[in-house]
Amino acid sequence: MTPDTIDQIFVISKHWLLGYLPSSLQPVASAILSVVPVLLVFPLLFAITTVLERKGLGRIQNRYGPNRVGPFGFSQPIADGIKSLTKEDVIPRNADQIVHFLAPLLLVLAAFLAYAVLPIGRNMVITNLNAGVLFFFAIGSMVELAVFMAGWSSRSKYSLLGAMRAVAQMISYEIPLVLASIVIIMMSGSLSTVDIVNLQSGYTSIWPHWFVFTPWGFAGFLLFMVAATAESNRSPFDLPEGESEIIAGYYIEYSGFKFALFFLGEYLGMFATSGLAITLFLGGWSAPFSFLTWIPSYFWFFAKLLVLIAVFIWVRGTFPRLRMDQLMNLAWKFMLPMSLLNIFTAGVWHFMPAGIVRWLVCIALLVAPCFLLSRVLKQGKKLQIRTYRFAE
Amino acid sequence: MNVFFLILAALTIVGTAAAMALRSAIHCILALTIGLVGLAALYLLLGAQFVGFTQILVYVGAVAILAVFAIMMTQGASAPTQPILSSSWLTGVSVAVAIFAVLAWAIHSTASTQTSLPQPEVSVNQIGAALMHQFVLPLEIMGLLLTAALIGAVILAMPEKKETL
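Residue numbers (the working numbering), protein chains in the order written: chain Z, 1 to 392; chain U, 1 to 165.
Just so you know, the hints here were simulated from the structure itself, not pulled from any lab data.
Using N, Cα and C, we set each Cβ at its ideal position, and we do this for glycine too.
Some hints could be false.
[Said to hold, decoys possible] Here are the simulated SDA-like pairs of lysine to any residue, each with C-alpha atoms no more than 25 angstroms apart in a straight line:
(1) Z:Lys382 with U:Val63
(2) Z:Lys333 with U:Leu44
(3) Z:Lys157 with U:Ala67
(4) Z:Lys55 with Z:Gly65
(5) Z:Lys382 with U:Met158
(6) Z:Lys333 with U:Ala101
(7) Z:Lys157 with U:His27
(8) Z:Lys378 with U:Val154
(9) Z:Lys381 with U:Ala17
(10) Z:Lys381 with U:Ala149
(11) Z:Lys333 with U:Ile155
(12) Z:Lys55 with Z:Tyr20
(13) Z:Lys333 with U:His27
(14) Z:Lys157 with Z:Ile247
(15) Z:Lys55 with U:Ile155
(16) Z:Lys83 with U:Glu140
(17) Z:Lys333 with U:Pro159
[Claimed, not checked] Reference listing, derived: stretches of chain Z covered by chain U, where coverage requires no fewer than 3 residues with Cβ under 8 angstroms from a Cβ of chain U:
(18) 62–75
(19) 140–154
[Claimed, not checked] Every beta carbon over 10 angstroms from chain Z, so not counted as near; a handful from chain U, in silico:
(20) Cys28
(21) Phe50
(22) Gly92
(23) Thr110
(24) Ile155
Make a model of the complete structure from these sequences and hints.
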């Protein structure tokens, strides 16, 4: 088998399977054959990630993490799944029964829908939409509604507080998220995720043409990843579910499998946003060096995804939680101006002749305002190293 | 008229009707959201991807959330006690029926000349180009208007320092 056959093995086997069906059934069967693998692979990845995250966090916090169920604790998700399935499904008596039931379903549905436009390999995308990136963000905005429904329908103060925090945070960070992506859309001239990846799949000697290796791409990538962390409600932006303040936020009144669905939806959302970051900035399924192109494209997508997940776990284990005002200040006073400036920089880059001058000008355009802005925002605040008397 | 159109049309009508009929304000918003999503799906069925996705992004992601926030901040979520039909429902229904009749008549009388036109293929690229070249001035004016509104909102929300001192 040539590397090309291995690369396209899923596409070829799908067409081979479709060949056995009558032509009237083929569109439906084709859709099912594209969707079912995504519905299987990403929840499996979720299961693996929960173990990896708990083990990674354990290591960061000087403990072992799960190591009882199965080899090295890797069967822990099965045990967790059985536990959540057999738990009683408690619904508060005052809860709004229908909305309470629909909220986790809508969350998981929206999380899964986002995968429709992610190219996870060469020729491996469910639909190549003309407005793919727009679709992604439109679906992402449905998550906010699901979160609100969960928090409001529980009729609990903690839930409502968590939902308010979550929705305010998601609305605020959606703006830098979209503005950071606009740079890529501007420079590639397309909203289709497949086109954006194809534009990045070339090489200069051995180096790839990923957008992250440009000043605006790098700044956009950083902004995107910070906003993505906030969008997926992960630490250090996990105020909506801050355990020490509001217990678990909007899903406090959910138990058993519905709680597991919230967990699943949250992780699927994180994978999807990471997948979009890979698509927009890290070259999608393309290999990092030209001599590595013989390795199948889907391998690279999932390798990059796992690296980003590792970064998420690392960040979660390292940073303390932000306060609400710090959270909003970061979004509106730092990230919004920087992402607007990044759009301007991308325009300058586009109209300047290629060469070293363009690099210097664009880097200066981004670094100097970033430095000045942080100085201005730091003014009047007494920042010093804190010592914890009782924790030493 | 295919099956998808009928399903989506039913979804839109049921959603918007429920938005008027339900008791709790939050339920009304959620029902309205179903209607708006149905409308977006109808746009997609017509091949207008940009309009369809923007409809979801703006109406579900922003307008519905704004309405929900407004309701949560201003009044309790408890259901109102007054009857569901207002006392002037007869007038309202007759006005609505009259407007619908006029619109339907207007559409029906012009439809015969429009059917022969070929369906235009508009891609997102063309919409973007039109916005950036032909309609750049209206776009800029709208941007200015929205920025002014945003600054106004910030000024309203700013703490009034003179009174507190």
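**Prompt:** Which earlier hints turn out false for this structure, listed by number in ascending order?
**Reply:** 1, 2, 6, 9, 10, 12, 13, 15, 16, 18 and 21
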